[in-house]
Structure formats: C-alpha cells, structure tokens
Amino acid sequence: MSDFRYAVNVLPKPGILDPQGRAVELSLPHLHVTNVSMVRVGRRVELTVTAEAEPQARLVVDGLAKELLSNPLIEVYAIELLEGISATTSKVPAL
Amino acid sequence: MKVGVVTFPGSNSDVDSLNALTVAGVEAVTLWHESPDLQGVSAVILPGGFAYGDYIRAGVIARFSPVMASVKDFAAAGGYVLGICNGFQVLAESGLVPGALLRNRSLRFAGRLVNIKPERLDSPFTRSATGAPLRVPVAHGEGCYYADEATLDELEKAGQVLFRYVHDDGTVASDPDDAANPNGSLRGIAGVCNSAGNVAGLMPHPERMSESVMGNDGGMQLIRSLIESASDWEKAGRPAPKTTKVGSGR
Numbered sequence: 001m002s003d004f005r006y007a008v009n010v011l012p013k014p015g016i017l018d019p020q021g022r023a024v025e026l027s028l029p030h031l032h033v034t035n036v037s038m039v040r041v042g043r044r045v046e047l048t049v050t051a052e053a054e055p056q057a058r059l060v061v062d063g064l065a066k067e068l069l070s071n072p073l074i075e076v077y078a079i080e081l082l083e084g085i086s087a088t089t090s091k092v093p094a095l
Numbered sequence: 096m097k098v099g100v101v102t103f104p105g106s107n108s109d110v111d112s113l114n115a116l117t118v119a120g121v122e123a124v125t126l127w128h129e130s131p132d133l134q135g136v137s138a139v140i141l142p143g144g145f146a147y148g149d150y151i152r153a154g155v156i157a158r159f160s161p162v163m164a165s166v167k168d169f170a171a172a173g174g175y176v177l178g179i180c181n182g183f184q185v186l187a188e189s190g191l192v193p194g195a196l197l198r199n200r201s202l203r204f205a206g207r208l209v210n211i212k213p214e215r216l217d218s219p220f221t222r223s224a225t226g227a228p229l230r231v232p233v234a235h236g237e238g239c240y241y242a243d244e245a246t247l248d249e250l251e252k253a254g255q256v257l258f259r260y261v262h263d264d265g266t267v268a269s270d271p272d273d274a275a276n277p278n279g280s281l282r283g284i285a286g287v288c289n290s291a292g293n294v295a296g297l298m299p300h301p302e303r304m305s306e307s308v309m310g311n312d313g314g315m316q317l318i319r320s321l322i323e324s325a326s327d328w329e330k331a332g333r334p335a336p337k338t339t340k341v342g343s344g345r
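Protein chains in written order, with our numbering: chain F, 1 to 95; chain Y, 96 to 345.
Isolated chain Y, as found in the complex:
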C-alpha cells in the first residue's frame, strides 16, 4: 500500500512524515504541489511547515495548488486525509475541516512538547491509539483553534473533536490561558475531523514522536490508525463516504 505526503514550497515536516510511514511499513511517496497526480495512493498526509511562506494566512495559498484540487476530489470520494500542523491549516483554509487557526494567543511561536488526548478511539484516525495522553511536539505560530460557539457545540455533539490538549494527569486544558494549552485554542481543541470522518487535522506532530529514538513512539499510534483505515478502505473497494458533506463548506 502507498501513502502520499504532499510537498509544498515551504513544507518542512514532509520528510518526517515519509519516515514515519516507512517505519510503519508502508510505501511512502512524495506528492509534488504542482502536480494533480496522486499516484494511486491510499491515503494522503499534508505535512507541517510553512507552505508558500504562510503569506496572507497560513495555508490559504496552498489551497489553490494543483495537488489540492486532487486531494479535495480524493476526500470527496472517501479517501483518508490527515493534515498535520501546517497541513491542518491548509485543510481548514480549504474548508475540508471546520474552523480556523488563529495567531497563538501568546503571539509567540510555540515550539515544545505538549500532551494531547484522543477524544474517542472509534475514529479512523485514533483506532490504534491506547487512549492515554500522547506526548508530542508542537511547532507553530498560528495554532489557536477557533470556531463560533454554535459550531463548537455541533462538533462536540457530532464527535468531530478528535484531540484536546491535556495536563500530565489527562485532564483537559480547556481554558485558553491554561499553560498546557500551547496556543489558546478554544475548549482545548488540538484536532478535529470533517463530518464524514475521513479528513482530520491536528496541530501537534505525531510523526516527530514515531520512534523511541525520538523520545517516544506514541505518535505512531496515529500514523498506524491512518494506515489501517486506508487499508480497510482499499480492501472494501474504495467506498464513498457515508455523508456527502465533506467539509465546513467554506
């Protein structure tokens, strides 16, 4: 099975993502931003970095790249797409996942280890997770998750909140000013998925904690979840998603 990692001009975690996929035992291929060819991959990762220099707003210029037109079609057809950090920003700007990522409340670039906890273990992106908090790095200036209150309520009700920032003891850092919430995200949200459940984004970097030599390999739980979901999707003959509503419809 092949999983693709998009390289935009300014991506810097594409190689980390390719490495994590290789360690997980799948064929990892680079998808070039100027090419609409997804090379028959079974899943796509949009990696971290600063696509197109983060000009105007992080992720917005990437939204109009040739590869993203194909990624949109792939997602609409039920393919699994995971956006990590800048990849999450690209998904949000593309309207493939709900909400927006604002400038960190602190105005500072957040580059440190945080704890996140999967909200549910029955999602395609968390199915291989243990449910225990994961210690993973963040490295971003615009990671403050925002959606209006009504949307946040809807997301929680629909189970679309996949990850939240937590303290060492696993309690949620829901207060935007909590030190365990690195960017001031509303309700401590670190990652969400679309309503169909096949497109997800998160600010922290699981691929950078995917081998014990990196400090721990907890992030591999999420990489494996993606691979297993994509593998099942392939085995089932690439079925369409249950709902046709793929994003927030920006």
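If we strip away everything but chain F, and leave its shape as in the complex, we get:
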C-alpha cells in the first residue's frame, strides 16, 4: 500500500454567478490594478489516499470530488496528483 496525495480544485461553473470573484474584481482599482479580469474564487482541498496503486486512489478522490467536495450543478473540479509534497507538506502537520 502507498500513500498518494492529491489536491482537488473546485471552481464555480463558467457562467454561474460568483459574488466572491466579483468582489475581488471590484477591489482591484483600489490596488491600482487595471489589467486583471475574470476572477473566480473556488476552493482547494488536499487529501492523502492509501491504496495499492494510483488509479485506485484516483477513483476514490474522483468519487469524493463528485459527491462531497463539489456540486456538479454549480461547480467544476480538477484533480491534481501532488508529487509527495503538497503546498505545505506531504504529511498533515500536527496541531
């Protein structure tokens, strides 16, 4: 068995109202930024799956992404395999 670490990136579907993205865009003039547009705010979830091999692990992540982490009516998701190291660490840090 091996550990596979993934990130699931969830974003509002194209065309779906994203008030957070709009709020970020509206704040840009305050930062004197004029060349940024189409801001979308989503959610990133990182998790470790223990499985025989990557395809089995990915199946678990895909199921979770569909059922729990995103709502297919309003959101899209993309799965990213992290090469041992996540944005922070490969192990969940002790609190």
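You may find that some hints are simply not true.
[What the hints assert, rightly or not] Which residues of chain F face chain Y? A partial, calculated answer using Cβ under 7 Å:
1. A23
2. V24
3. N71
[To be verified] Dumping the calculated DSS-like pairs for lysine-lysine here, alpha-carbon to alpha-carbon at most 27 Å:
4. Y:K252 with F:K13
5. Y:K167 with Y:K337
6. Y:K330 with Y:K167
7. Y:K337 with Y:K252
8. Y:K97 with Y:K330
9. F:K66 with Y:K97
Just so you know, these hints were derived from the structure itself, not from any lab.
Glycine included, every Cβ here is placed at the ideal spot set by N, Cα and C.
For this one, chain F is given, so just place chain Y on it according to the hints.
Same frame as chain F, now just chain Y:
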C-alpha cells in the same frame, strides 16, 4: 399525529419548528441526526441553522448523515418533508428538490423580514394558505436560488415553484437585484418542491412567524398545510407518490 424535526449539529431553528408544531396542536418530536429512526412520524421538517457548520457547502455534509438516509426513504415512500432555510439547502444538496442555493448576490448575510407569496394554493404545502403575501423573516448567507434556464422553465411549467419574493403590493421581485429579493434568487424564487410534490424547501422561516406574539402568525398557514397533508396521507394508508421521480437526481 407525530411530526418530526431533525436536529443536526448546528441546527438552530429546530426548537422554533417544534414550537410551531406544538402550537398547531400536533405532537412534535426531535429526530437526532445520528439515528436512522424516524419514530413513526407522519411528516418531517428539516429546520434552519448551520448543519455541520455549513462546511464545504451549506447542507452537503448533512446529506450523508444517518437520519437523511431514512428521510430519503420516507420521501420516496410518499411522506411529506419540508426543508426550511438550512433544511432547504440540505434537500437541494441531497437532490430531493431541484436546484442549488448559492452565496447571496450581495455577499451579505440577509437577516430581515421579507414578503413571499404562494404561487399556487393547491399544493400540499400551501393548501391552508390564503394566497395573500406572507411577511416572514429570512436569515441566511447562501439563499440565492439557482437552476439553469431550461430547468427553471420546466419547474414553472410543472408548478414546482411554490413561493416567490414579492413587494408589499404582491408583485414578484423577479429581478435578482430587486431590493425585495433578499439574496438575488433567479426569477424571485423563494421555495420549490420536487416533481412528486411531497418534498418542498423554502429559504424564509414560516415557523418564526407562527404566533401573533412574534409579529404575525402568517407562517402558521404553511405549518398547517404540512400537517393537513400528512394527516390525509396517514388516513389514506400512506400511499406511494404518484410519480417515482422524487428529486432532481443529483
């Protein structure tokens, strides 16, 4: 007759719902989220609050609780289920009613009185309503009703839109930016039901306007509708719903 109110961790309008049912004269019982036992109730209310902290998306974690598996079976068997506020979000995430509830267009938590109007008076959830606008509170951050245009057309055609936000004069606040539409809901939709007609959800809180001491008792019209429908269902021997399609099939 017994009506159940589910308590999830984070529910906060369960007691208000139990109170409204008691005032209406039925036995009101708490259904615990960790138990699949519906205690033989004739109807279920999923109350307002912030089930499981609203983490990930409002309502989604509640969807996988033991009690919801039983509520799904109960609904499939024709039982009446009413979701109020967070309860509506739970129903939508569970696929028991169509559509989704997005973050309020304003990005602000909406906590104020609004007017809603029943779209039809021949539904199980509005049969005791007078048809006049009801003045009821909203208290939510994610209440912006969304479904794609084709689905909205279908819902309207099938009579599944049960409530809309209206102005004081009763005209619909269909524009998402209308001040009388507290969250930017598409077509001013405040509540919908499933295609079988036995599961409904709405964002405003009828149970919080169910006695004159609260300001008015208009919300009781909806509580009574639920009780009467459940009572008829019991008397008829708990018949199965006319259609087997119970939700949007998420």
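For each hint, the structure was consulted:
Annotation: A23 of chain F was flagged as interfacial toward chain Y, and the flag holds, the nearest CB pair being 6 Å apart, inside 7 Å. Interface restraint check for V24 of chain F: the shortest CB-CB distance to chain Y comes to about 11 Å, outside 7 Å, so the restraint is violated. Among the interface hints, the one on N71 of chain F holds; its C-beta lies about 6 Å from the nearest C-beta in chain Y, closer than the 7 Å criterion. The hinted pair formed by K252 of chain Y and K13 of chain F meets the criterion: a straight-line CA distance of about 26 Å does not exceed 27 Å.
Restraint check for K167 of chain Y and K337 of chain Y: satisfied, since their Cα atoms lie roughly 16 Å apart, inside the 27 Å limit. Straight-line distance between C-alpha atoms of K330 of chain Y and K167 of chain Y comes to about 22 Å, which keeps the hinted pair within the 27 Å bound. A hinted pair counts as satisfied when its Cα atoms are at most 27 Å apart, and K337 of chain Y with K252 of chain Y qualifies at roughly 18 Å. At roughly 13 Å between alpha-carbon atoms, K97 of chain Y and K330 of chain Y fall within 27 Å of each other, so this suggested pair holds.
At most 27 Å may separate the alpha-carbon atoms for a hinted pair to count; K66 of chain F and K97 of chain Y exceed this at roughly 36 Å.
Comparing the model with each numbered hint stated earlier shows that hints 2, 9 do not hold.
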